[in-house]
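Protein chains: 2
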Amino acid sequence: MSRRNAFYAQSGGVTAVINATAAGVIEAAREHDDQIGTVYAGRDGIIGALTEDLIDTSQESNEAIAALKHTPGGAFGSCRYKLKSLKENQAEYERLIEVFKAHNIGYFFYNGGGDSADTCLKVSQLSETMGYPIQAIHVPKTVDNDLPITDTCPGFGSVAKYIAVSTLEASLDVMSMARTSTKVFVLEVMGRHAGWIAAAGGLAGKTEEEPPHVILFPEIAFDKEKFLAKVDHAVKEYGYCTVVVSEGTRDAEGNFIADAGSTDAFGHKQLGGVGPEIANMVKAELGHKYHWAVADYLQRSARHLASATDLNQAVAVGRAAVEMALAGKNSVMPAIKRLSDEPYQWEIDEAPLADVANVEKKMPREFISEDGFGITEAGRRYLEPLIQGEAYPPYGEDGLPKYVKLRNASVPRKLPEFKLK
Amino acid sequence: MSRRNAFYAQSGGVTAVINATAAGVIEAAREHDDQIGTVYAGRDGIIGALTEDLIDTSQESNEAIAALKHTPGGAFGSCRYKLKSLKENQAEYERLIEVFKAHNIGYFFYNGGGDSADTCLKVSQLSETMGYPIQAIHVPKTVDNDLPITDTCPGFGSVAKYIAVSTLEASLDVMSMARTSTKVFVLEVMGRHAGWIAAAGGLAGKTEEEPPHVILFPEIAFDKEKFLAKVDHAVKEYGYCTVVVSEGTRDAEGNFIADAGSTDAFGHKQLGGVGPEIANMVKAELGHKYHWAVADYLQRSARHLASATDLNQAVAVGRAAVEMALAGKNSVMPAIKRLSDEPYQWEIDEAPLADVANVEKKMPREFISEDGFGITEAGRRYLEPLIQGEAYPPYGEDGLPKYVKLRNASVPRKLPEFKLK
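Protein sequences, first through last, are from chains A and B. Just so we're aligned, residue 104 is where the first sequence starts under our numbering, counting upward by one. Just so we're aligned, residue 104 is where the second sequence starts under our numbering, counting upward by one.
Same shape as in the complex, but just chain A (with noise of 0.2 angstroms):
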């Protein structure tokens, strides 16, 4: 076979572990230069190919690359942009072919999650559908948590850790100040239609006692006066109560309880506020003194709390899908196979991605307790290997993590512009 270049392209969210993914490949290409030439780099993304702005990543160092396991954020910039279908978008197939034949790329590597699943697939089937000899893998990165096949997503474990230790913290400190101040403290987690994330919150606590005392997860249809219920029982029994709520969490009507208005390029909602309004819910229905916390975009790039199972798999998910281009494959997916709960042992497997893009993985209900408002030790089970270890980041004398900057050295442009739609 004879050398060709590949190209990497974040998209979607990034997330705590991301560039880890990006130093797997990036290192597992470096030891098949026999079979791998330069490994490109998508700036932006997969706008990056469209407008052939490409990183050369040949340029960073072993060191940079090795930093980039511990640096958070996308080192080569990501983005929100869907590939249409080849029928209503085929000038963008086109472009992208010609970038990939004017840099001989034969290796397409996409680090995203179910709408970037998507796009790969669209792009692998571009030897089928256009002639263009192109290996697609998708690697999978969503702090959602919502790819089908996978044991999890790399990202999510993080962003897991650091909610469900965030849960414990503001807890203890609401706990010893509840008797005179704050006695329900609601902290507002990510995840748009799955409730991952706000069920790692439940990792907090092991009893009824210990918090959080409430749940509200996007698969459970919002019943106001149950929560108010629950949210009382727990001031009077406990002193206090905390409450994690999913930004996804809707009425039984289907919608948001919060809801921002707008929408981003996939056509989602852009939510935020559900937190403040439960809270105020809280204090206009049962008086109770309120704080609320939004993590946002603090909890998938807390990359200082790092779950080591997560940064694990996502350098593995990295290494393994040059092992598969190099394995001949196209069209699939490195996932995560567990093979059992405690300990926690898992390898490498391949999903086809014609099984995974388009295909959202919500909670399953045996996971929620039966009044809906925690998890059951079956998602105990399930969750709790996912951020198990501790992987610090370096610190400088200032007191600062060192993230890694990398040169992100333009490639020459060969090809005329390409207007963006």
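Just so you know, the hints here were simulated from the structure itself, not pulled from any lab data. Take the hints with a grain of salt, since some may be wrong.
As the list claims (entries may be wrong) - Chain B stretches covered by chain A per the calculated footprint, using a threshold of three residues with CB under 8 angstroms from any CB of chain A: (1) 110-119; (2) 178-191.
As the list claims (entries may be wrong) - Derived contacts from chain A toward chain B, CB cut-off under 10 angstroms, selection only: (3) I150; (4) A411; (5) P515.
Every residue, glycine too, gets a C-beta built ideally from N, C-alpha and C.
Position chain B against the provided structure of chain A, taking the given hints into account.
Then chain B, alone, in the frame of chain A:
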């Protein structure tokens, strides 16, 4: 000197390291058990003294007390309760003396901020005003960093580290997505009257280009036009803008921005704080896509990211308080005295309580940049040492920090009930 017991109480908002101070007090007292008998802790702060609700800390093992150094929250409970003046509520002081007498308490260690210093000062005067021999030592603690004389207040350094690291991490996230997604990120932080915590966000970046691009301080009147121009400049120049806003930000008339009670672009009543308020303003006036986070209690309970400097100082003031008591002192506070910036060197000094109580230390104007939106080199020189060093808690196999839960055994009551007013 006859052996007398000690009383220790936590007061006001708790911190990531207030329990480390408790450990310092209790461990030092145990080392001097020839002079100090039992350390009784007030359950829920001074309320525990008034209601004779005392915790017998001698029932806690040395290991449990040592574990307080890595456990956030207030291990004995804290409260917001300010003693009135002797003239206004003599009954409370008489009750305190009764409780002290009943339990042979000769040392009073009060661990809190400015209001608590005032309470401690009043207690320290009981020998004079009411003839009861007591030595009252105030032990500094407050995330607001607003106590005078001391170089910093234990609790602040850890919040500062959390906010600096979170600002950096969230900014890496925003920066990598800005081309197609969020362009302005707003992080709301604590600090109702003083901008110390907001200033700590400024440690995340060292140049104009690096985040945060805008800091809003309570000390600087909010100027909407100048603010929006600064945000727009950052978005145009660097592609995105990170804003750190203090909850205490006010307009020229002194009104809190958070109290503006406005409605958002969609006519919804705006719930909550200055963070979402500012973010909406950016959207409405500049049209940039935004996200906002409100760290709330997460910031002051984040023991997982404590500053080692802060932790060491928290233990040191606790130990010093006991040493001052044994040296016969009354009405004083152990204060941190800075000897040098680089390397940061400090020692414990003695501050007269009368000079501490009811004095609020604001950010000096020379720590704030000329345009009012950032910190100066002088500010950085002051702040940076306070976040130096990491001091992680131990973690269990469940992936969570091993925070200690004390037995908190009650001391049998000897007196009739006392009703709080």
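Non-conforming hints, listed in increasing numerical order: Violated: hint 5 alone.
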